[in-house]
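Participant: For reference, the chains in residue letters:
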Amino acid sequence: MKVALKTLLTVAVLTAGSAALAEDQFIPLPSYRVGPYAAGGSGFFGGAVDYMSLVNANGGINGVKLIWEECETEYNASRGVECYERLKSKNGGASMVEPLSTGIAYGILDRVAQDKIPMTTLGYGRSDAADGRVFPYVFPLITSYWDQAAGMIKYLGEKEGGLAKLKGKKIVHLYHDSAFGKEPFPVFEAYAKELGFELIKLAVPHPGNEQQSQWLQIRQAKPDYVILWGWGVMNPTALKTAQRNGYPTSKILGVWWSGSEEDVIPAGDAAKGYSSMTFNTPGNYPLLDEIKKKVYGAGKGNMEDKSRIGSTYHMRGVTAGILWVEAIRKAQEKFGKGKVMTGEQVRWGFENLNVDEAKLKALGALGMLPPVKTTCLDHEGSGAVKVQQWDGSKWKSITPNWVVGDRAMIRKMVEEGAAKYATEKKITPRDCSKEG
Amino acid sequence: MQFFLEVLLGGLLTGIMYSMVALGFVLIYKASGVFNFAQGAMVFFAALTAVGLHDLGLSLWLAIPLTMLVMIVLAMAIEKIVLRPLVNQPEITLFMVTIGLTFFIEGLAQAIWGASVRKLEMGIDDVPLEYLLDTLGIAISQFDLVAAGIAFVLVAGLAMFFSKTKVGRALRAVADDHQAALSIGIPLQQIWVIVWGVAGFVALVAGLLWGARNGVQFALTFVALKALPVLILGGFTSVPGAIVGGLIIGASEKIAEVYLGPYVGGGIEGWFPYVLALLFLLARPEGLFGEKIIRRI
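Those protein sequences? They're chains A and B, same order as listed. Following my numbering, the residues of the first sequence are numbered contiguously, the last one being 457. Following my numbering, the residues of the second sequence are numbered contiguously, the last one being 299.
Since the hints were derived computationally from the structure, they do not count as laboratory data. A couple of the hints might just be wrong.
Just so you have them, the derived chain B footprint on chain A, three or more residues with Cβ under 8 Å [unchecked claim]:
(1) 225–234
(2) 252–263
(3) 286–297
Covered, in the sense of this in silico footprint (three residues per stretch, anywhere, with C-beta under 8 Å from a C-beta of chain A), are these stretches of chain B [said to hold, decoys possible]:
(4) 117–130
(5) 263–270
In silico contact screen, one side only, chain B against chain A (beta carbon under 7 Å); selected entries [what the hints assert, rightly or not]:
(6) Gly-12
(7) Thr-16
(8) Gln-112
(9) Ser-143
(10) Asn-216
(11) Gly-217
(12) Gln-219
(13) Phe-220
(14) Phe-224
(15) Glu-259
No experiment lies behind these values; they were computed from the predicted model shown. Just so it is clear, CB atoms sit at the ideal spot from N, CA and C, and this is done for glycine as well.
In isolation and in its complexed conformation, chain A is listed as follows (with noise of 0.2 Å):
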């Protein structure tokens, strides 16, 4: 009941404050708090509410104040359209929007480039959008699938002691039998040509709730690895099956889906010592130190449940919240500081943000994620990615650098995209040489 009343208050308080105040910066946010992935959804829109309540405690983006409006997406592809069309001409305009959501991503992809607002898609939808001659309006930022399928091949060759030694070994492919589940394989197809693995796909029917005729499938092939690919109930059930059916959990390598407290923490001991990979480090950072004092001191928090401050997925959107507000912030140095921005000039300072490691240490989040420079040719800005290993009880990183995969073979898969996509949708690459 106390959820349904705050709910209600905060719908309240932001419809006021909204209406309040017209030279706000506004962001929509297509969020999702119910329904099967509610889990993931509070995590990274209460994350993302959360520092944007700390930035305007701190006085707003050069004085400009950030304002957000909720629809309730129940991470459905339909309804997520719908919020985008209800939320983006509100407030005065839209800056930008971030669904959290492939089915919904892919449902606006191009109403976000004719309506000329900026949207991110952090570390999901479209690997080949990287490519900004083609997606202008589109940024994966810091890590897309491509780049993370590359680095998890990287961590496991390097856990054999080398690439070269990947010849000959099994890896499964466990994946959620979805367009999310099937984005990576080109990428790990491309490397088990390249290093001589063999590769075994098993796709797990939505949500996968039931997975004992994959994992003896696994059984019987007795993989060296076993990528997950998974998302909501599909990882705990993939944990506990494994376990069910005697196969280790630390070979067991996670996609960042599949990385959460809420994946693992339902599995119990069939967790423990299962590895994920993520683009944050674990751990406590000064700027949640900061979120707690000034945001959740001062009754503004957006977690009902206050211990999740500072899990995977309140860190992403924490993260997520500082890429939007660092391309704000961009933006207003090249089209005058202290002025509401518009989703044309926000996508400017997207494509041309530099949260480098000094920005970071400012911020007091150094080391939480990866340093991303972004520019017309590359929405992604980064590419690396980290391995957090599950003790039971905490995420622990169990890679101290970032890893990077073989960039150089997925950018070329990114052009190869993109052009197919450009010629499909009869779309003039842009020519960054002239972007300024």
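Knowing the structure of chain A, use the given hints to seat chain B on it.
Facilitator: Chain B only, in chain A's frame:
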């Protein structure tokens, strides 16, 4: 052969887990002629309430009976607010009402307890039995065996309840004809509360078992989708049919996934049970144990 046996046994044990959900559908359909689309939502609601009370500091063994009380209150509310005004309405009307109930119950559960994923520890290890692993090389989880035991006890109890008790016979009479049952003095309201309460109990048991397996989360509602082909096979009115249907669906989907899946890209166990059920419908529309409908024209 050993691998085939492992696939088959794994499938049979999974099938029993499906049967647990299917049973709830059977109970309500058998006693009231209503296809309760909200059974999956009831599984989620019951499990979330139990684990929610447990997280508040109550022991699980106190949280479970308290949840049962909540399920009875829910059954009474459904009877009074939803079913009573719809006595003698067409079946399709009642079915549509249960669709509305689904969304209401799902929303209510999340409004009260939040939408976080919760861990449920029942104290039964979900690890392979060492003896079977060492001697036969087959991995069978002791959790699955306990779940199978619970299912059989539940089915035996329900079968006895329906055939041997006065209330059970009254339930069957109500299912045959609401008005006729009323005319001979069977209290329809009480019967509906009892049957929805029993279905709530079955939902609680299914929710606890599935929740202990995968975590208590919204995805529990999806398990109901696997119960539908089980019902088609076993028949909508047969308690033992739900078990037999579950066993067939569980075993066949696993065998199909392992032996047929690799030739068609895998991931077929999501739709294979429905194809099987469809084929079965053509041959025997009332299911294996369902009552044959004979109408005089």
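Participant: Does each hint hold? Answer for all of them.
Facilitator: Against the structure, the hints:
Under a criterion of three residues with beta carbons nearer than 8 Å to beta carbons of chain B, the stated coverage of the region 225–234 of chain A is upheld, 8 such residues being counted. With 5 residues having a Cβ less than 8 Å from any Cβ of chain B, the region 252–263 of chain A passes the three-residue criterion, so the hint holds. Restraint check on the region 286–297 of chain A versus chain B: 5 residues with Cβ-Cβ distances below 8 Å, three needed, restraint holds. With 10 residues bearing a CB less than 8 Å from a CB of chain A, the region 117–130 of chain B meets the requirement of three and the coverage assertion stands.
Under the rule that three or more residues need a Cβ within less than 8 Å of chain A, the assignment of the region 263–270 of chain B holds, with 5 such residues. Among the interface hints, the one on Gly-12(B) holds; its C-beta lies about 4 Å from the nearest C-beta in chain A, closer than the 7 Å criterion. The beta carbon of Thr-16(B) is positioned within 7 Å of a beta carbon in chain A (closest approach about 5 Å), and the interface hint is therefore held. Annotation: Gln-112(B) was flagged as interfacial toward chain A, and the flag holds, the nearest CB pair being 5 Å apart, inside 7 Å.
The interface hint given for Ser-143(B) holds, since its Cβ lies 4 Å from the closest Cβ of chain A, which is under the 7 Å cut-off. For Asn-216(B), the interface hint holds, since its Cβ comes within 7 Å of a Cβ in chain A; the closest pair sits about 5 Å apart. Interface restraint check for Gly-217(B): the shortest CB-CB distance to chain A comes to about 2 Å, inside 7 Å, so the restraint holds. A least Cβ separation of about 6 Å between Gln-219(B) and chain A falls short of the 7 Å threshold, and the interface hint therefore holds.
Contact between Phe-220(B) and chain A, as hinted, is supported at the beta carbon level, the nearest pair being about 4 Å apart and thus within 7 Å. Here the hint on Phe-224(B) is kept, as its CB sits about 5 Å from the closest CB of chain A, short of 7 Å. Annotation: Glu-259(B) was flagged as interfacial toward chain A, and the flag holds, the nearest CB pair being 4 Å apart, inside 7 Å.
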